[in-house]
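Visitor: Now for the letters of each chain:
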Amino acid sequence: MKVFLVWSVRSVTTFWRRVLTIRWSGGLSQSPLPLKCGRKGREEQLAPPHRVGIALDEKFHRWTVAFGILLLSFTNISLAEEKNALFVAFAMTKEQESSPLPTDSGIFLRKSIDSDWQRIGPVIQQMASFATDPNNLNTLFIACGNGIVRSTDGGATWRMTTGWRESDVNKVVVDPENGRNVYASSVWGISASYDGGETWQTANRGLRKRFSRSIMVDSRNPKRLLVGTEDGIYESRDRARSWRPVRSSPKIVVLRMDRSQADPDLWIAGTEGKGVYLSRNDGRRWESAAPDLKEANIYGVTADPHNEQSLAAGGWAVGVWVSSDTGKTWQQTESKLPSPNVMAMTFDANVPGRLWASTFEEGTYYTDDGGKSWQDGDLYGAYVWDLGFVKIAKENG
Amino acid sequence: MVTVKPEREGLAGVRSILQHIYGIFMNRINWRIFASFFGTFLASVWFAAATASPPPLLQEISDADLIRQYRERCEYVIDQEIEVTDPEDTSRGSFFTIAANLRRQTNLEWASKRLVAANQPPSGAMFWMHPMVLLMQCGRETLSDEDWAFIRELWRTYFPYRGDTENHWIMYYVSIYLAAEMFPEADGEAWYNGKSSVENMAEAKEYIKDWIRITTSYGQGEYDSPNYIEEYTRPMALLAGWAQDPELRQLGKMMMDYVLLDYVVESLGGLYGGAHSRLYPRYLLQPSLTAGAAHGWLFFNQGSFRRNSGNTLIALSGYTPPPILFRIAHGRDEAYVHKELKRTRWRLRNAGGDPRAFEVDEKTTTPVFKYSYVHPDFILGSSQGGLLQPIQQQTWSLIWREDDPSGKSNTMFGIQPYSSPHEGTMYFPADWDTVTDLIARSKVDYDSEDKLEGGSPYEQVFQYESTLIALYDIPEDARFPLIHTLFSRDLEERVEDDSGWIFAKGGPVYMAYYPLAPGEWKEVDWTGLLKGGAGGWFSTNFEELAAGSQSLVSRYLKNGYVVQVAPAGDFDSYASFKQAVRALPLEVEREPTPFVSFQTLSGVKLEVRYGEALEIDGKRMDYSDWKLFDGPFAQAERESQTLEIRYGSERYFLDFENQRTETSIVGEL
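Respectively, the protein sequence lines represent chains F and G.
Position one of the first sequence corresponds to residue 1 (my numbering), numbered consecutively onward.
Position one of the second sequence corresponds to residue 398 (my numbering), numbered consecutively onward.
Don't take each hint at face value.
Stated by the list, open to error - Have a look at the derived ranges for each label pair, beta carbon to beta carbon:
no. : chain 1 : residue 1 : chain 2 : residue 2 : range
1   : G       : E940      : F       : P338      : 35 to 45 Å
2   : F       : D116      : G       : D1052     : 55 to 65 Å
3   : F       : D116      : G       : R876      : 39 to 49 Å
4   : F       : P338      : G       : R876      : 24 to 34 Å
5   : G       : G966      : F       : G273      : 52 to 62 Å
6   : G       : D1052     : F       : N281      : 54 to 64 Å
7   : G       : N1055     : F       : G273      : 42 to 52 Å
Stated by the list, open to error - Non-contacting residues of chain F with respect to chain G, defined by C-beta distances greater than 12 Å in every case (computed):
no. : residue
8   : G179
9   : S186
10  : D195
11  : R210
12  : S212
13  : R213
14  : K223
15  : T229
16  : E235
17  : R239
18  : R244
19  : S248
20  : N297
21  : K328
22  : V351
Rather than coming from a laboratory, the hints here were simulated on the basis of the structure.
The model shown is predicted, which means the values in this text are computed figures rather than measured ones.
Quick reminder that beta carbons are idealized off the backbone N, C-alpha and C, glycines included.
Construct all of the structure, not just a fragment, from the sequences and the given hints.
Guide: As structure tokens, this is what we get:
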């Protein structure tokens, strides 16, 4: 019986691995050339490779593991087959001279700390963000100036699914429970798709001003969304069919938002000219935080998924600030980045405590010691529009 | 199954014969080049002589003759495009040159090789797409199977950006429409965006029709640009020339007529006058260099020939303008006021606070009220001021007639230099802290105090016929707390009169300028930014273009000026003009806000304070019923989707909603 079960587990997992491997082939590694954009002569101080994915306790009983894998394989919930990868959306603007065109632009993935950035998707100007459907990792979305470009085969082929009415999309997010619901924020407002991104409709009802840079789905209640607009934070409780302002939100441009996965009641927002705002009651009430940043333009905010106490924010001319007490107090990092102009930030989804920050044209960096030292993550010359983690298939990592 | 070639068989036999003949000529390359240059010389001499001779009276020229002469100019344009071909050099040559050769079936081997070389790799988005479509249309019969396979692969793999301006979008959608129409059965795998030809055509057609609806209802956003006019005539000529869909073909032709009418009623000898949405500094200084001026020669035989890619495309398209436009261009003996309603570019944000702002399909814009006084010898034109267009707005200008405007700086304009993230983020999706820097990466003078173009929220301009009043109320913390006005090198006998007026002569025009506050004379481009070559192509020869011209720079925050223009023929002498102006009642204040009360040469009393409306003989200027076009040669109501073009008793009516035109004769007005 024991031998039969082990054989069964191996057969089933091998089957699913093969299926997923076939579906991914030619996908995420569409452009296998590593991105060569680091500064010459700079020695990369790489941290030791870290294990990713589900870490199994060796004392855990083999039968329990086998049973769990068997169940997962039959229900097509591929937790064992996915991992988190760092993505970046950028335009190479540093070398742009007498031209409105960046020298490069795109979405790139970094699947592990010791791998290079690899391009995913077509080369189009003004790439803004990237998302995968957590329900089906073969479905990928690019938010860009042209609208939404989608792949349903793991990146092998791409299709622009939006029409002429959608453009200048800043962010795209997918309902974590139902991949048919996809939402996008753009300078023209919100667009929603209820068929997996195949067709789109405007979803601005209730928005007093439509310009929006960020949008998030409430993972505990996917009918609920929050969007950061020119007029502050708005909330929808009906899958973007209508919006209402969050009363305590400042009536200013909200640039970025994040929510703590460790404490889902904790939200953080970066604003234009009014610094950092926090909500400790699941986005219902917002208040100003980080007094030293209260007049700053905050382009990067992030909450550590591994530590409910840990937050970070960065912006123009202020560098990176961190908080280790859920935002009660904030400290500027000891070690400075090559530029104080921070455009995007994210905590590492795989490595607890690791913080990534992208500067304006001076590179992307990470720290494993709360900002005492920074390691080079390449992307010198880039104007990073978005930086974050997405789930991808493990086989591709 | 996707076909490799478009739906029409090529004339392979003819092509091979031509290639054979070409091969024979290749063996005598020195003679061929000699003959080419000599032929060009003779053709140029003949053409110059033909076009330089006095034109017959307008009423003596039949429509058939007008069309024939226009077609001759088109053929000359194509000749000149082919003449620049060097069949030995596949490293040079635009898509337009390739297209001209394909049309005439000349230099075919070069064209094929150049097609490949020019796409290593493809770039330029819609500036790649539309000449590629032109090339494909002109090469229907001559491109080889290999050429078509190469072109199809480009469309499959190169993913163009749709752009961030109105002209980008219309070029993008017209191009993808026409490209897809050539391969109507192609599925999504054939195109970069994964959409089938049917899907691409449906989306493109919907956008094109919507753009026409918006333009003919609320005015163009990127209005009246002497530079960018060809970014609209190119795609419209492509539709008029090659769209197989009869609706789009008709709309393309009608919009060509519309754009050209928009230009011709504010043109002077081919030069585009009045207020403009976008203009580069070198073209501000020398109006004869613009694409608008090049169009003036092609369409209306005004000015002189200059190579222009837009003209090449139009000449190849077969589009022919209605003769009434030629008559409007040439048959204007009397001065007239022409008003237009345009709109600002769509505003992404920072649109609040403007009481005139309105929305069209959830996009915010603000009306632009244009006023031009078009005299046979000059055009004085303006918009109301404020932030109407990002970066390159020209709020007002004066141009005057020159017998030969080539090399002349026959213009005058004023500016409050302004740059800010407020303006940048109003129109571009970049961030507050990066947008000014990024704009200045290409429009390098955007953030410079001596720039020659751009709008300002601290500027208000008022005009009545040949009199213009500009008022400024600039905050102390403004980026550039100053105003300046161009006094070009081609203004003669400039004098600073004890009365406070500055007088000058420009061609057949007298000009008087009364500053509300003192200023100092500075050379144009006094920071040396553009003379130093910053900005690439648009500062080419800038030192030469700017040499000798000066700016009157005033650093008073509450400021303004009055401009009074008059034809020299209205006065016995320059002295009598000056005397007449000195005698005009004028009252000015700078505090608490700038104020002017002035009686014009025509005896009308103008009175205005910054922040308030202009009063003309005690009656406030009313903007509430401003029409899309309102002048003796054009009438169109807001939201009408129509335009009536008038000349004498002749009427040409464009109805965009029903895609029809109507020509009629009415009783003399």
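Visitor: Check the structure against each numbered hint from earlier and tell me which ones fail, lowest number first.
Guide: 9, 11, 12, 13, 15 and 20
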